[in-house]
Amino acid sequence: MIIRQANVEDWKGISRVHVDCMQQAYQGVLPANILDKFTYNDREKRWQKDLPNTISGGTMNFVALDDQGEIVGFALGGTMRDARLRIKYTGEIYGLYVHPSAKGKGVGKKLFERLREHLASLHHSSVALWTFKDHNSCQFFKQLGGEEVYDKNTTIAGKELKELAFGWESFTKKKKKLTLTILMYNRTL
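Here the sequence shown is numbered in full-length UniProt numbering, starting from 1 and rising by one per residue.
A couple of the hints might just be wrong.
[Said to hold, decoys possible] Pairwise CB distance ranges, derived in the manner of DEER restraints:
id, residue 1, residue 2, range
1, 159, 95, 17 to 27 Å
2, 143, 27, 18 to 28 Å
3, 143, 41, 15 to 25 Å
4, 121, 158, 39 to 49 Å
5, 9, 88, 28 to 38 Å
6, 133, 24, 13 to 23 Å
7, 95, 143, 31 to 41 Å
[What the hints assert, rightly or not] Straight-line Cα separation of at most 20 Å, PhoX-like style, residue types lysine-lysine; simulated pairs:
id, residue 1, residue 2
8, 45, 12
9, 133, 162
10, 88, 152
Just so you know, these hints were derived from the structure itself, not from any lab.
Just so we're clear, the structure is a prediction, and the values are computed from it rather than from any experiment.
Glycine included, each C-beta is placed from N, C-alpha and C at the ideal position.
With these hints in hand, go ahead and build the complete structure from the sequences.
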């Protein structure tokens, strides 16, 4: 697997991952009429137009490629946009998507780590993101050391949902494993 910065030619692969993730991961979470709007045609037009803005300056989009060179995931992040979270968190993960066929293979974690490196290089020492409560992504972000820091109610197409913000206060510091080596020897007196 290769993780690299996205380029303007990646719009079609990113669109495929985005649509397939939304259709699979958000069934029963988002209203059907919202999911119906996530089509390949719609996302391709949108990503072809928007992708150049997501690979410049402080905003960065990374893609994960499988062994055949196909895009199987992407992660996007930059400066915090939410005024409530901006008080404590300077960086934001705008999205992290892994194609359903690539889940459980470490793609999400590798994208997260690459985005961590980028945001740290921009001096974002604290980062947060939004997801929906009880969505399977919550467990993933907890495993990566994220803590629930804020929640809010939101209405999407008439459906009441709860969103959760996960935060990392020391985003630039990876947890180090402590290794203890004990040397045992025989001592003859």
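Hint-by-hint comparison with the structure:
no.	hint	verdict
1	159 x 95: 17 to 27 Å	holds (20 Å)
2	143 x 27: 18 to 28 Å	holds (23 Å)
3	143 x 41: 15 to 25 Å	violated (35 Å)
4	121 x 158: 39 to 49 Å	holds (42 Å)
5	9 x 88: 28 to 38 Å	holds (37 Å)
6	133 x 24: 13 to 23 Å	holds (19 Å)
7	95 x 143: 31 to 41 Å	violated (18 Å)
8	45 x 12	holds (9 Å)
9	133 x 162	holds (6 Å)
10	88 x 152	holds (17 Å)
Hints 3 and 7 from the list above are not met by this structure, while the remaining hints are.
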